[in-house]
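Work out the full structure, taking the sequences as your base and the hints as a guide.
Order-wise, the sequence lines are chains A and B. For the first sequence, counting from 1, position 17 maps to 447 in this note's numbering; every step adds exactly one. For the second sequence, counting from 1, position 110 maps to 115 in this note's numbering; every step adds exactly one.
Keep in mind that the hints were calculated from the coordinates and are not lab data. C-beta: ideal position from N, C-alpha, C; glycine also. You may find that some hints are simply not true.
[As the list claims (entries may be wrong)] Quick list of the computed label-pair ranges, beta carbon to beta carbon:
1) Arg276/B / Val464/A: 22 to 30 Å
2) Met681/A / Pro280/B: 41 to 49 Å
3) Arg705/A / Trp119/B: 48 to 56 Å
4) Glu23/B / Lys583/A: 20 to 28 Å
5) Asp511/A / Ala273/B: 39 to 47 Å
6) Gly152/B / Ser508/A: 53 to 61 Å
7) Leu99/B / Gly587/A: 43 to 51 Å
[Said to hold, decoys possible] If you want the footprint, here are the derived chain B segments under chain A, 3+ residues with CB under 8 Å:
8) 158 to 172
9) 180 to 186
10) 191 to 197
Next come the chains, spelled out residue by residue.
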Amino acid sequence: MTQLAVEARTTAKVPPRAADQSYLAVDNLSKIYVADEGTVRALDRVSLEQRRGEFVSIVGPSGCGKSTLLMIAAGLTSSSDGEVRINNKPIIGPRTDVGIVFQNHVLLDWRTALENVMLQAEARKLDRATSEARARQLLNAVGLAGFEDKYPKSLSGGMKQRVSICRALIHDPPHLLMDEPFGALDALTRDQLVLDLQRICAERSMTILFITHSIAEAVFLSDRVIVMTPRPGKIDRVIDIDLPRPRTLAMRDSSKFVEYSREILNIFLARGVLREN
Amino acid sequence: MLHAMVDRTMTVSIEQIEEKVKREKTALRTRERKAELVYPILVAVGLLLVWEAGSRVFGVPEYLFPMPSAIIGTTVKNWMLLLNETWVTTVEILLGYFASILIGVPLALAIFHWPVFAKSIYPLLISTQAMPKVAVAPLLVVWFGFGLLPKVLIAFLIAFFPIVINTIVGLVSLEREKIHLAQSMGLSRFDTFRLIRLPHALPSLFAGLKISITLAVVGAVVGEFVGGDSGLGYQLMVANGAMDTPLLFAGILVLTLLGLVLFWLVEALERWAIPYQERTNSMGVSS
Numbered sequence: 431m432t433q434l435a436v437e438a439r440t441t442a443k444v445p446p447r448a449a450d451q452s453y454l455a456v457d458n459l460s461k462i463y464v465a466d467e468g469t470v471r472a473l474d475r476v477s478l479e480q481r482r483g484e485f486v487s488i489v490g491p492s493g494c495g496k497s498t499l500l501m502i503a504a505g506l507t508s509s510s511d512g513e514v515r516i517n518n519k520p521i522i523g524p525r526t527d528v529g530i531v532f533q534n535h536v537l538l539d540w541r542t543a544l545e546n547v548m549l550q551a552e553a554r555k556l557d558r559a560t561s562e563a564r565a566r567q568l569l570n571a572v573g574l575a576g577f578e579d580k581y582p583k584s585l586s587g588g589m590k591q592r593v594s595i596c597r598a599l600i601h602d603p604p605h606l607l608m609d610e611p612f613g614a615l616d617a618l619t620r621d622q623l624v625l626d627l628q629r630i631c632a633e634r635s636m637t638i639l640f641i642t643h644s645i646a647e648a649v650f651l652s653d654r655v656i657v658m659t660p661r662p663g664k665i666d667r668v669i670d671i672d673l674p675r676p677r678t679l680a681m682r683d684s685s686k687f688v689e690y691s692r693e694i695l696n697i698f699l700a701r702g703v704l705r706e707n
Numbered sequence: 006m007l008h009a010m011v012d013r014t015m016t017v018s019i020e021q022i023e024e025k026v027k028r029e030k031t032a033l034r035t036r037e038r039k040a041e042l043v044y045p046i047l048v049a050v051g052l053l054l055v056w057e058a059g060s061r062v063f064g065v066p067e068y069l070f071p072m073p074s075a076i077i078g079t080t081v082k083n084w085m086l087l088l089n090e091t092w093v094t095t096v097e098i099l100l101g102y103f104a105s106i107l108i109g110v111p112l113a114l115a116i117f118h119w120p121v122f123a124k125s126i127y128p129l130l131i132s133t134q135a136m137p138k139v140a141v142a143p144l145l146v147v148w149f150g151f152g153l154l155p156k157v158l159i160a161f162l163i164a165f166f167p168i169v170i171n172t173i174v175g176l177v178s179l180e181r182e183k184i185h186l187a188q189s190m191g192l193s194r195f196d197t198f199r200l201i202r203l204p205h206a207l208p209s210l211f212a213g214l215k216i217s218i219t220l221a222v223v224g225a226v227v228g229e230f231v232g233g234d235s236g237l238g239y240q241l242m243v244a245n246g247a248m249d250t251p252l253l254f255a256g257i258l259v260l261t262l263l264g265l266v267l268f269w270l271v272e273a274l275e276r277w278a279i280p281y282q283e284r285t286n287s288m289g290v291s292s
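Structure follows, in structure tokens:
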């Protein structure tokens, strides 16, 4: 199960995201947590590849180790066995060539929306004026114009997560890692953010690894969806999403979209993640 | 009836309704603010009046429980003395308090940064806290005499523990995700500390500072009780010995005011240092 790279796609159908170079390689990755209640097998010999410029989603039930996988890919958590490589170089410490959007917004209470976005630029010692212009532009792009000087306590949950997305984008990271970024938001806000994300991604050549438990979100955004089994997390199936871009909300009712969703749903039903009586 | 309602929606614009709601809201807020000021004053004045009247009606002797008028009279009569003693006590409190900050905060940083140091020093720290400071006070008098130093030391000993503990709690309570964020941005350990961990710890640090300022007052007064020749605590002992109960009450009154003023100063500093903070007042009601 070392090779899960999928056959070359017909690049003609998805021109903006076309890419073949292998970028991220996860090789036989395992993660065991030792707790008082016993050991937990979070990841069981997982292998996958992501090409440059590709949007890959990992879908799975809660506790299947998908967040762990992302944290290991970011170099923030150690693996118990196996290897993660970027451009064929093994990851040994925290990666700084990434932008991470966490499950929670992780904003700093003492900084305004703009200052929170600028934290990334300050940390990387980027030029202040250019970064600030960029930060404003990003905040504007996610519909936060006029909220730049507001502190997190006066922003809604969806707004906070938007700020954190801007923070992950301001330095134009080659790899964007998103860990269930919309999980805590209401359905309408999710739809809007998914659309915003698609638009922002279309404008730059970013490689995105996206963790979610929403089938619709995964199908809508991805070039490829990786379905994981319940604990211990293994890769169940890899599904190429062959839908034209930009994708529209109406497309969710198209037969192809429904087919993809049904395919993933059937996997979950077969695995007992979902039960229909 | 139905016609009347239809007419209303036609004639009243949404802007007018908005104006009306705004006006009502402002009026309500002003009323609330007034109530916050007026009711406590009314209650306090009421209690004082009941006290005064009770004392007069039942003829409570002054050496047992003086009337408010007598206490205020004594305070005014002895204002020069009380002011002098207040100055002495304030110096002791502030020196002890600043010492507890200057030693407590770096100690907390060291405990946070070096786990081995933390493990070695923690039992000792807990022991100094378990030990009643009042019991140590006479020893400090033996060692350092009747001057300023023993009072400052006792104020310091009582005040510094909450500062150490609260600073550590603030430093440790940083969420894992914020650490991950810092790492992914390539922040150095020092910059992570400066930009994220320290500001994160500030509310907790200030909680410690607020507890400690009231404790420093207690420490200084205890020091003066045990062996002093000046200060409000010493004056309380003198008044007690002379059975001058009104002066005793006057001393307590001044000490209370001093404690309040110092607490307010720390709170003002907190408000200045962390303006973004959602605040809770002393009763835990967010305002």
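Taking the hints in turn, this is what the structure says about them:
1. The beta-carbon spacing between arginine 276/B and valine 464/A, approximately 46 Å, falls outside the hinted interval of 22 to 30 Å.
2. The given range of 41 to 49 Å is respected by methionine 681/A and proline 280/B, whose C-beta atoms sit roughly 47 Å from each other.
3. Remark: the range hint 48 to 56 Å for arginine 705/A to tryptophan 119/B is upheld by a beta-carbon distance near 53 Å.
4. Under the hint 20 to 28 Å, the C-beta atoms of glutamate 23/B and lysine 583/A, about 25 Å apart, fit the expected range.
5. With their beta carbons about 56 Å apart, aspartate 511/A and alanine 273/B fall outside the hinted range of 39 to 47 Å.
6. For the pair glycine 152/B and serine 508/A, the supplied restraint of 53 to 61 Å holds, since their beta-carbon distance comes to about 58 Å.
7. The beta-carbon spacing between leucine 99/B and glycine 587/A, approximately 44 Å, falls within the hinted interval of 43 to 51 Å.
8. Evaluation of the coverage hint for the region 158 to 172 of chain B: breached, as 0 residues show C-beta separations to chain A shorter than 8 Å, against a requirement of three.
9. Here's how the region 180 to 186 of chain B fares: 5 of its residues keep a CB closer than 8 Å to some CB of chain A, so the rule of at least three is met and the hint holds.
10. Counting residues of the region 191 to 197 of chain B whose beta carbon lies closer than 8 Å to any beta carbon of chain A gives 3, which reaches the threshold of three, so the coverage claim holds.
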